[in-house]
Amino acid sequence: MLVLNDVYKTFRMGETQVNALRGVSLELPVAQFSVIMGHSGSGKSTLMHLAGCLDVPTRGQVTYGGMDLTSLNSRERADFRSSDVGFVFQKYNLVSNLTAVENVALPLLLRNTTTKQAHAQAVEALNSVGLQDRMAHRPAKLSGGEQQRVAIARALVNDPTMILADEPTGNLDTATGDRILNLLSQFAGDDKMVLVVTHNPEIADMADLVIYLRDGQVESQQFQEVAR
Amino acid sequence: MKLNLFRLAMKNIRSRRTRSWLTILGVLVGVTAVVALLSIGTGVQEAVLQQFEDIGYDIILISPMGAAGGQARSAMGGFMPGAAAGGRFAGQTAADTSATSGGTFSPGSLGQDTSQDAAPQEDLAQLRDALRAAAVTSLDTELLLTQVPQLVEAGTLGTQIQPVVAGTTSGFLRVSTPSLDFLEAFSSVLGGFSVERGSFFTNTTENQVIVGARSADLLGLSVGDDVSINGIAFTVIGILASSDQAAEEGTDSDGVLSGQGLTQSLGSGNSADLVLRGLTNTDDSLFVLNERASEVLVGRSQMSVTITRVEAGASISAAKDAINVAIGQQGASGTPISIQEVADEIQGTLSLIETVLASIAAVALIVGGVGLMNTMYTAVLERTREIGILKSVGARDGQVMTLFLFDSGLMGLMGGVLGLILGSVLSVLGTRLLGPSLGVGSFSPIIDAWLVGGVLVFSFVLGSLSGVWPAWRASRLNPVEALAAE
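Residue numbers (my numbering), protein chains in the order written: chain A, 21 to 248; chain B, -3 to 482.
Hints were generated in silico from the structure; no laboratory data involved. Nothing here was measured: the structure is a model prediction, and the numbers come from that model. Don't take every hint at face value.
[Claimed, not checked] Result set (SDA-like, lysine to any residue): computed pairs, CA atoms no more than 20 Å apart in a straight line: (1) K111/A to L377/B; (2) K7/B to H139/A; (3) K316/B to A339/B; (4) K161/A to K7/B; (5) K316/B to Q326/B; (6) K111/A to E378/B; (7) K7/B to L162/A; (8) K111/A to D198/A; (9) K7/B to N117/A; (10) K7/B to H157/A; (11) K7/B to A160/A; (12) K111/A to G197/A; (13) K111/A to E477/B; (14) K111/A to R381/B; (15) K316/B to G327/B; (16) K7/B to Q395/B; (17) K111/A to A481/B; (18) K7/B to M155/A; (19) K111/A to A480/B; (20) K111/A to I356/B; (21) K7/B to S116/A; (22) K136/A to G194/B; (23) K136/A to K7/B; (24) K111/A to K316/B; (25) K161/A to R12/B; (26) K7/B to P159/A.
[Stated by the list, open to error] Not everything, but these chain B residues come out facing chain A in the computed CB check (under 7 Å): (27) K7; (28) T380; (29) E382; (30) I385; (31) V389; (32) G390; (33) A391; (34) R392; (35) D393; (36) P475; (37) V476.
[What the hints assert, rightly or not] What follows is a list of derived Cβ distance ranges for each label pair: (38) T135/A to I417/B: 25 to 33 Å; (39) A480/B to R234/A: 17 to 25 Å; (40) N25/A to V359/B: 56 to 64 Å.
Idealized CB from N, CA, C, for every residue including glycine.
Using the sequences plus the hints, can you model the full thing?
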């Protein structure tokens, strides 16, 4: 379970202080598809970054499976991201001069996996998202939907326990977006924690838990029954 | 980390091809300069040392570098600025030229206009005094061998600058006066003293001269011809084989010693240099036996060096001490100097020159390193988002830094490899162009394992060091901010 306990995050932009999160407390169970909704600037992405150890809170505590993420140093946070977290971004965030299979293999290569083993696992991950024919293509040669599937394959290749997606369908057409969401919801059924940050209310309909943020605070959270 | 750094770095270099190659070019230029200068410098040193080895480290020269030599240098110091303009040595007194068989001696008679380059008379008077001061009483070498039991062989080699007339051609040339025992024991010092046409000296009572190959061409001499040296008729009995050496320093295009060359020859820092400079280059000299020259050219301006060989196993320094005593006993003047000392002195000078040149080349290399740093810094700015991606998938700060360091190190290494190849090619070409003018005979650039290994390691380290600051910045980037970069 991911637990946020009275978490604050403050940014300084020049002379201005921005309070992105203001005393957020949440409990996000595993094996569930959770969605965080809210307007722009409500603190959705910041919350996702803290959950995935990309950033640290200004105040408060974040724990995952009982481990205090806020006490980790830079190296331990990197290791946590490597072993437990898979990120999916709106802009895909693939390395432009690497092929699809190289992009997917990247997290494994950073974890001391041999090149041969990493390649084999990357191929398997790309197969699972239906991209077996596009492995040698660079991102620029792939469509938006294909790039996002490569990003999902990369998020999955380490077999993480937590998948964090920030507007994963934001740049995709409806059909492609639905396909991506089906993939993500399928992982929640595989005992992974899936947390999606979105503006899209249709995605909320697929979620087990919907959290609304407003001005850096939890406005509401709602559990719902979803057939999966 | 088993991340394939090489492949990733190569991909980065390829994806920014033009800038990467320009950066590599910067390192390449520096490495090329270092390799070319060091390999040529080492080659020259080896060639010079080989010449000393050929002469033999068991040899002690007895040169007039003591009192007489010092006077000569002092006098030459005053003369050199006037002569350094490169004017032809034109001074001759009436007494000097009265006996010239070709009529009045004309310094410019090799087709030059003499009116413009005649040296001032007072300078010539100084030069003449200097030449006389430089003269040294020849040691009695037979007596020397009995006085210094460590010596096994001894011979005398004199050097004079004399007006020479052959038919209608005239000029000042070097006249070497080796003694018979010198030619027997130390002919290797004179490049073997190989007579190509005619014969070796047949006696010490006739005026016989053996002419160097280039001098023979210059003066149009054949075996049997007559040649006037300082107004005294000599018969050419032999012409030496060419040593394929460059024309002597200070010798003009006609082979005639200019004033500068003459003063440099006689007034340079070490009179042993004079002897050694001319030792293997026999092409520009005329040779008269010392035994004969001391009769007919006696009293003329000359430098005389006695060369001795120390018996195997004997102490060189002890032999030098004994020689000093013997010189005093003979009432002569001179200072013994071993070939080892001369070699050390010349090697020291060459090493200094090499170090200065290599330092200049190193500046070019550092400039290349700065260019590399600039490229890497720009790359960090351009790849900020990529750094964010790497961190989001679990890359540690150290891994990001290593990746960038490897990137810059690889570019440095590529510049090093290409510079090594280009520098090697240039050093071979440079050797062919410079070899003759350096006067050290044929030599090859030395590109040994140390140079190759050193250059490759240094260029990789230079590349990596140039990337340290940009790589450190990259590693410290906040992943969220890096991912937000456009």
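K111/A and D198/A: Cα distance at most 20 Å? holds, 17 Å
Restraint outcome when A391/B is required to lie within 7 Å of chain A by C-beta distance: Holds, about 5 Å.
Given I385/B as an interface hint, is the shortest Cβ-Cβ distance to chain A below 7 Å? holds, 5 Å
CA of K7/B to CA of L162/A, is that 20 Å or under? Holds: K7/B and L162/A sit about 19 Å apart, inside 20 Å.
Hinted pair K7/B and Q395/B, Cα distance within 20 Å: holds, 17 Å
For the pair supplied as a hint, K111/A and G197/A, confirm whether the alpha-carbon distance does not exceed 20 Å. holds, 13 Å
Given the proposed pairing of K316/B with G327/B, does the C-alpha separation stay at or below 20 Å? Cα-Cα ~17 Å, so holds.
With a cut-off of 7 Å on the beta carbons, see whether V389/B makes it to chain A. holds, 4 Å
Run the distance test for K161/A versus R12/B: straight-line Cα separation, threshold 20 Å. holds, 18 Å
A closest beta-carbon separation below 7 Å is what the hint needs, so does E382/B meet it against chain A? This hint holds: E382/B lies near chain A, its Cβ roughly 6 Å from the closest one there, short of 7 Å.
Quick check on the hint: P475/B CB to chain A CB, less than 7 Å? holds, 5 Å
Between the alpha carbons of K7/B and P159/A, is the straight-line distance 20 Å or under? holds, 14 Å
Checked against the numbered hints given earlier, the structure breaks hints 20, 22, 24 and 28 and satisfies all the rest.
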